[in-house]
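**Q** One letter stands for each residue in the lines below.
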Amino acid sequence: MASPWAVPPPPGTQGQYAYQQTTPAYHAVQVRQTFNQLPHSYAPIVQPQAPPPPPPEASAPRKKIEWPQPVRNYVQRSFDPSNLIADIPRPEMELRLKQTISAATDSNSLHTIDWDNLPLPQEMIRQERAQNAAAWRQESVNMYVAGNNLASPMDVMSKKRKSQEMAGDEDSSPNSPWRITNSPNGFEDRVSFQPARDRFDKRQQPFQDDGAPKNSSKFQKALEKRQRRFDGGYKSSYKRSPSPEPTIGPVVGTCQTLEKKYFRLTSAPIPSQVRPEPVLRQTLDFLKKKWKKEGNYSYICDQFKSMRQDLTVQRIKNEFTVTVYEIHARIALEKGDLGEYNQCQTQLRALYALNLGGNPVEFKAYRILYFIHTCNRTALNDVLADLTKAEKQQKAIKHALDVRSSLALGNYNRFFRLYLDTPNMGAYLMDMFVVRERLAALANISKAYKPDVRLRFVTEELGFESDADAAQFIYDNNGQHLLEGREDGLRFLTGKAGPLFETAKVAAFGKVDIKGQI
Amino acid sequence: MDPFFTHFKEAYGSGDGYALSMTLSPLDTQSQPDRLSSFFRSTNAASAVKDFKYRILYDNTNTFKLSQDEGNGWVDVYFAYWKVTGEILNAEAATKANEKVSWISVYEGWKELTNQLIRGYTNCEFEAWTVPCLYMVGKYLRIFAIKADEGAANGTSAVTSFQDDLNPEAEKNEKLEDAARQLNRIFQLCLSDRAPLEESRKWGIYNIINLLFKTYFKLNSISLSKNILRAIQVYKGDMPGLEAFPMAHQVTFKYYVGVIYFLEENYVESERHLTEAWQLCHKDVKRNKELILTYLIPCHLLTTHTLPTLALLSDYPRLQVLFLPLSRCIKKGDLSGFDAALIAGEEEFVKRRIYLTLERGRDIALRNLLRKVFIAGGFEEAKEANATPVRRTRVPVAEFGAAISIGSKETMDNDEVECLLANMIYKSLMKGYIARERGIVVLSKGGAFPGTGI
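In order, the protein sequence lines correspond to chains A and B. Take the first sequence: its letters are residues 1 to 518, numbered as in this note's numbering. Take the second sequence: its letters are residues 1 to 454, numbered as in this note's numbering.
Isolated chain B (complex conformation):
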């Protein structure tokens, strides 16, 4: 037990919140491969509280003196931690022995630890520099909840409700939903702190928000994230600017906000947040950069009609698989190739929730194809010898139709071709109008395909 509390004393004495949070980690460390088990065995249920009290409150070698309230608060926290350590060791032993493991009791124990910690802040005057403890507890609350739900799948659920219909989703994610509620309490705990900024728990808010986002995404209830955003909007006045928070919190937050906007089809806002995240992201965290690009690339395709360069993708083989086939087809204006690539990648696209966005890239492929038809049409016969040549701007619908039908087995009828052309015009990807009676498209002389040089 003593090595354990040595860490506590060092961390507390030096006011190092992250070091303090490490004492609540549910993992062994490299330097202490038996950290959990030795701590758990160092005392027993009858004397744990007494032991902890002595070391936290009454040990004369301590370089700090805790108030009775705060000291007892920490004793409660470590007692809860000690109890859940036992559950974790049980679960791990069962895993090793390939027995059926239930993480539910681990989750419940961890939740109790969370409660004690929250109570420490509300009732026992825990100081704000210790908020990394909340990060640690919140992080594993989510992880243990997921493990508990996995184990409990198709078990008997004790959800009592008087609903007329069953709610299959709620039963599947019972613990994770509970974890979301607990995390939300921590969020409130940080948000509603009225202490002056220097010693405010508000500094913990973005880390907790990121945990909440993560949980909501996993629960498939992304809309709840909007409530969080609304709440911090309300408190914006009394909160430090986002840029004052640790970089890691900023990047993750911006990433999630970007993805939320992405899913709402607000690609402009999405692009803004994702770009910021991209720029601030640490250069060596490839995985995170890859995640950011997964959404930033489709965003760019729709907002600026640009495709990722090979150089950008060169570091990310997974993104190459994801985006290159489509990119090539878009560039070439190869519609049937695009359709095939979209079908081929559908499963992965759907999983990452980018399918519906990428699908709209077909417009750009079509635009590129029509542009080729326009270029292939050549120039009008010059009326005067020296006049600058003018492209042929009256193009028969049938010519576009022929191009669209390349690669597909059947020819598209003219009405549908016109419909696609009308869309191009409507979306301002092409300038001009359709003269239906004459069966031609009259394209603008100055910039028929805006932004493409002709």
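Looking at chain A on its own, in the form it has when it is part of the complex:
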């Protein structure tokens, strides 16, 4: 699920990012103070200015102009000491003010600009700086992402292009202050999105920031500001922007190439890089052949992930989707990649609920075995709740349920018989936990049988292929001294084995690898 923690990060952990984010939020106050106006009323009015103003030197000699009152107010406000910003030198501010007004005069928009709501020159400058900084950071983030995914230089290039497309058309000078004021914080959004690990950490420590001192007024203010940001007070100005939002709806892809490297989305998908369903079908055939011929898992996994991504962004949900996920799940199982397998399985569960075909029985059985492996009792309970009576009678599901109940009741005899007779690819999953169950059974046998048993008995009870395998297993667990040769063959000295296997069993159950579990 999405993180339920709406807790702002502890102060300082976001460093500059946090500061940059609050900048646009701060401007929102200015906008909203005029309570009865639409928050973005000035945006369209500014538009006519879009062509960059000619530099003031170049313009024709100015005649005396009667400045309208709003302009006078604007100038007055610009010089109001309470509006001055410490780190922006006054000359720079004055220059910007001059530029702004002369640009307006030149374009004859003196009377059309909403001077009351136009950002003050010092604010424009600050915005610009912030944006430059953000752009610079975005660049380094791109590098970082690219490096991490071993993407080709081409990918980096295309990502950059994307980010520019996001910001709007390039013709209208990207540095115009009014543009920046309204313009999407596309960069910053993504910067704060980017280091996924950072976000994760925040979620992990939801209670940290309470410890911070409350009495510091500066901190208090920052805190309130942040809180307001979270409870939606500034949402309108922070989130919305005149440029179109990234499309939420499904994309229709136009890409015609079969292969595509997987790249985690950080922004809205671009149709030209998304393959439509007919192409994806060809891709699947192609990949199946390639998998058979080459068996290169890292390549195949990458390709399947990009296929899944294309399906998702286009919201394609049909029998083909099911097939893709099923095949990827099987390949992942075969290679013991439980993380990918579990992702597929989670999707398959939702897809089967839509009755799109596929092999629900086979995969529901895997799902049960998977949760046995991860010792996830809650999930097992949910699986039981999901199954219908008819499904419980299906061979594969019944097998998995029997496995579950035999383990719940400690019936290792039955468990290993079931192990040797597993339908479909379930054995790949059972192999994951068969070792620990063998240790559990040996701990059990060691306590219950005295003084010893024939090794043959262990071999049969624990589903080993041969006595040699059984002996090897005992050897591997440091039980050399527990085997003794007699005339009638090797014997396993149960009387002395108890503590050894008990310890080994506890250790084996202590570390269940559940990577990739959602």
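Careful: at least some of the hints might be erroneous.
Said to hold, decoys possible - Just the calculated beta-carbon pair ranges, DEER-fashion:
1. B:Tyr58 <-> A:Ser109: 44 to 54 Å
2. A:Tyr297 <-> B:Asn98: 37 to 47 Å
3. B:Gly378 <-> A:Gly489: 30 to 40 Å
These are computed hints drawn from the structure, not numbers from a lab. Cβ coordinates follow ideal geometry from the N, Cα and C atoms, glycine included.
Assemble chain B onto chain A, guided by the hints.
**A** Relative to the frame of chain A, chain B by itself:
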């Protein structure tokens, strides 16, 4: 509007937090069947703020004087409340007319009310005795979220994410997950209050925690409850003991903690908390006692191997249906009957998340059966006339096997019988060892079945 603010003034004047919280209730009351609609119609969007301001801040008949900050804070709260009242009335009218109702706008309005209230505490110095308002708002936030999600099911969701795969769960519970986040903010608001204890919002914490637990259970993300428990563990030093809180908060909290431990298979801790909840629970709240017993009975079965008495269950017909058939089979040592009863009740057991626990009751049924075999084996032939008789402690595996196979169509082979016996020994339900070559079980002379008298 005046009757509405009369309530506010009375409650505020007397410092009665619960009475004050009632003014934020989204329901009509018996004495005022048109409470919401008359309040909503008493003013309009243009003048509501002005009206409220006058009554809260400037009315000379008020017995209290609010600071500007606090007064404006309450005005914002009641303005948000007034707005959401309109949404509620709309939704209810639509329900009555059997039209399609969307509770989403009610939820959003209620969330805004929640925001205003939280802001009141953080920025406007709302006092701690008013925390019952948080209970009221939190309670209905959850309820409206559930209603909104029900309505929105299979609607178009605006969840934007760049995930490679869709997340069906998140779309189904979008509002409730949001509500959980808001409740968590209230939790933080109470937890992080640094005011001295007498006037601390910490006194509201357990009520909010209980709401959070409830929400997490509904969202099927019970593991998140552990974070809450960890957080209050950290703050334990500066918090009043649980026993100082209202009884209702204590009981609910203990119940949830007990169930959380239950689901983690920590039956000892679970039993401890559930027993406390059971003892503190008000004697007339049958429903709650029934809920506690639903988990306490399986706990007892595993920790002490005891079954509920008929007298205990006599007041709870639902629990009788749930537990009696299994109990009888366990007592008799009737394995096939036990299996049948488990299958028969599976759906209900799974729903209440007790199936996997009850299943383990089979061990006790098996123990009782083996004990019967042992008793039926009688005594050794006495070597001396007057010696105390000694039970026959060498029992052939086949005898146990025969007993286990009663009632099932096929005979279990000896290896599997041995496996079950080994389990009994391993779990210390039976004392002795298996001598495999001779095909017998050698049971302990002193207490072959610990805790059962033989």
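**Q** Look at each hint and say if it fits the structure.
**A** Hints and how they fare:
1. B:Tyr58 <-> A:Ser109: 44 to 54 Å: Because 46 Å falls inside the window, the suggested range holds.
2. A:Tyr297 <-> B:Asn98: 37 to 47 Å: The hint (37 to 47 Å, Cβ to Cβ) is violated, given that tyrosine 297 (chain A) and asparagine 98 (chain B) are roughly 57 Å apart.
3. B:Gly378 <-> A:Gly489: 30 to 40 Å: Once the Cβ atoms are compared, 37 Å apart, the range 30 to 40 Å for glycine 489 (chain A) and glycine 378 (chain B) holds.
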